[in-house]
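K.L.:
Using the hints provided, position chain B relative to the given structure of chain A.
Those sequence lines, one after another, are chains A and B. Per the numbering used here, residue 16 is the first one in the first sequence, and the count goes up by one each step. Per the numbering used here, residue 41 is the first one in the second sequence, and the count goes up by one each step.
Certain hints may be false.
If you only want the chain A side, here are some residues facing chain B, beta carbon under 7 Å, derived [said to hold, decoys possible]: (1) ALA55; (2) ALA56; (3) TYR158; (4) SER176; (5) GLU244; (6) TYR255.
These aren't lab readings, by the way, just hints derived from the structure by calculation. For each residue, glycine too, the CB sits at the ideal point set by N, CA and C.
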Amino acid sequence: MATQREVRNRIASFKNIQKITRAMEAVSAARLRRAEKRIAALRPYADALRRMAAQAASDAGPEIGRIPLLATREREEHVGVLLITADRGLAGAFNSQIVRSGIQLAAQIESDGARAVWFASGRRGISSLTFRGRELAGSFSGYTDRPGYRDARRIGDAVISAFLDGAVDRVEVIYNAYVSPLNQVATRATLLPASAAAVRAAGEGEAGDHKARRALPEYEPEPNQLLRELVPHYIEISIYRALLESAASEHGARMTAMRSATENAGELIQDLTLAMNRARQAEITQQILEVVAGAGELA
Amino acid sequence: MPHTKFPCEVLTPEGEAFNDEVEQVSTRTTLGLIGILANHAPLLARLEPTELRLYRSDSEILRYAQGEGFMQVADSRALLLVGEATPIEELDRAELESSRARALQLLETTPEDSEARARAARQLKRAETFLGLIGADARH
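Okay, chain A solo, but in the shape it has when bound (with noise of 0.2 Å):
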């Protein structure tokens, strides 16, 4: 049985951690509102982006069809799978099933006969892939708990420039889709090539009432050519969106992993109380048995 000492010193280092958790989740909740005032920031401006798209597609009719980062390609060989994860860990299986969920699409896309070409967003994944052995197409971290438009675009280049340049024929991301604090879901989405009819759809309705009163605008450049600069912003912004809803999940992760590491903290202590109480009482009684058994020895 530990003594009474052992135990105490037990309870002292279970206070310590929890007073760490504890602050590591004040740390995360504070994070998580910055990075959710992101996300709202981010909102207008991609709203009035697929605006633009949009009405640079009903203008540039069926020419659509033919910019190459909206056309599907027949044969697939090489498929790129884009994981976002972060830089740090202690945020439960916040990037473990990010790496799972890559792991599993690399391997229908190799069932189906192409092979996977790996880009890894945060530390965490890199690392895990590389332990894998898988080697990797690119690679970005040092921002994943505040990324910038800036590290968007550089995802942006290499992916944009792999598929149009014929390394990848189309392109996977899997991110952290933000729910809410405690719910966050590992998503995928295809990210190339873009949907056309996702581009041409966007802000219809709106846009159908919007011509019927408007003059047809003057285009710099022409209409599917302005289309064709318009696409590759998209899919950076979409990268960008990605890179903002997996920071706050991991803000949000990592607040919930911390909140019931404190809990479990509490219990230890709980527990260990208890134990150092009755390691007491069993003292005391044992001294007591000791008085009595020796008064009746006097006696």
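P.N.:
Only chain B this time, still in chain A's reference frame:
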């Protein structure tokens, strides 16, 4: 003579850079420099890295280092969607210089006619344009 004012909004993916009334917007499209006054004809244009000037009045001119993007003019409103819009005095020379160096290196190593090379060329253009703005700003 004061010009008529019209609403102008400058959005970046990281948030709103400007949203107020202006007398004139001056920027650069693929065809060259363009100035937008009130009641300009509807326009949808691609923008190149340049100095974006927003004239609140003849004497008050806001100057930004503006990245690539798009501009829509409709119903006498200007909406600019740009990758970045940084007040010129906040530009980071060291960052721009390293970006220029990276772009030059990429231009050396990427194959001709590749998308990777085209993107490196755009990165170079941005870095050089912005570095030029810092130079011009220092001389002011």
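K.L.:
Looking at the structure, which of the earlier hints fail to hold?
P.N.:
1, 3
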